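Visitor: Using the sequences plus the hints, can you model the full thing?
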Amino acid sequence: MKYSIIFSGLLIISLSNFSCGHKQVLPDRRLITEIIVETIIQDSLDSSIFINTNLVNRYSYQQEFDNDLDHIPPPPRNDKGEPFVFCFYKSTTENSLGFNQLDSSFVAEQVLRNRNINLELKILPQNYKFKSIPVFNNNGLRFYNFLVPLFNIKKDLAIVEYHYECPGCGNGRIAVFRKIKGKWIKTESFRTWIN
Numbered sequence: 380m381k382y383s384i385i386f387s388g389l390l391i392i393s394l395s396n397f398s399c400g401h402k403q404v405l406p407d408r409r410l411i412t413e414i415i416v417e418t419i420i421q422d423s424l425d426s427s428i429f430i431n432t433n434l435v436n437r438y439s440y441q442q443e444f445d446n447d448l449d450h451i452p453p454p455p456r457n458d459k460g461e462p463f464v465f466c467f468y469k470s471t472t473e474n475s476l477g478f479n480q481l482d483s484s485f486v487a488e489q490v491l492r493n494r495n496i497n498l499e500l501k502i503l504p505q506n507y508k509f510k511s512i513p514v515f516n517n518n519g520l521r522f523y524n525f526l527v528p529l530f531n532i533k534k535d536l537a538i539v540e541y542h543y544e545c546p547g548c549g550n551g552r553i554a555v556f557r558k559i560k561g562k563w564i565k566t567e568s569f570r571t572w573i574n
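According to the numbering used here, numbering within the sequence shown proceeds without interruption in unit steps and concludes at 574.
Worth flagging that the hints you see were computed from the coordinates, not collected in a lab. Since the model is a prediction, treat every value here as computed from it, not as a measurement. Be careful, since some hints might not be right.
Distance condition first, Cα-Cα at most 25 Å in a straight line; then the derived DSS-like pairs of lysine-lysine [claimed, not checked]:
{"id": "1", "residue 1": "508", "residue 2": "565"}
{"id": "2", "residue 1": "501", "residue 2": "534"}
{"id": "3", "residue 1": "501", "residue 2": "565"}
{"id": "4", "residue 1": "560", "residue 2": "534"}
{"id": "5", "residue 1": "533", "residue 2": "558"}
Guide: So this is what it looks like as structure tokens:
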């Protein structure tokens with residue numbers, strides 16, 4: 380009896396250490412490309428305009444290791460308790476987009492790790508024009524520029540931000556997707572800026 384209690388206690392400690400130390404797998408390049416392809420199709424982007432294959436990560440939050448806490452703290456939250464980055468992703472219906480505290484930390488990890496990502500060329504639709512375009516010194520091209528999309532921890536909710544850029548003009552949009560019965564369905568799309 381004594382040994383079974385000790386064994387049970389060790390098993391519980393081992394499982395809790397595993398679950399606490401277990402890292403969530405970040406979205407891979409294929410999943411990232413998949414959600415961008417859905418954005419291109421469901422937002423009916425103009426097929427005569429180039430789409431940049433290089434994704435931009437411009438989120439300002441940079442995680443730093445906290446020596447006192449001995450880990451990287453989760454990202455800050457605004458006065459409504461929403462994760463740091465989602466103040467930019469307010470739903471047009473003024474509802475929460477469905478991200479929680481675990482999602483907030485997962486997003487922070489994506490922001491930190493997802494740099495220098497290119498789209499997976501093998502799964503891009505053939506009826507669109509794709510090109511690797513530098514954000515600066517782009518010779519005045521008109522193109523769509525996507526930021527690295529953000530996923531919740533379950534990877535069934537995604538936020539995609541992209542910009543249409545051209546000499547002297549442009550606009551930005553955000554599309555929100557939910558994975559329903561294995562398919563990405565756009566639930567919202569709205570403009571964030573216009574020049």
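Visitor: All the hints need checking, so say for each whether the structure fits it.
Guide: Right, here's what the structure says about each hint:
1. Taken as a hint, the residue 508 and residue 565 pair is honoured in the structure, with Cα atoms around 22 Å apart against an allowance of 25 Å.
2. Restraint check: the Cα-Cα separation between residue 501 and residue 534 comes to about 22 Å, which is no more than 25 Å; the hinted pair holds.
3. Proposed proximity of residue 501 and residue 565 is supported: the alpha carbons are some 23 Å apart, at most 25 Å.
4. Restraint check for residue 560 and residue 534: satisfied, since their Cα atoms lie roughly 13 Å apart, inside the 25 Å limit.
5. For the hint linking residue 533 to residue 558, the alpha-carbon distance of about 10 Å falls within 25 Å, and the restraint holds.
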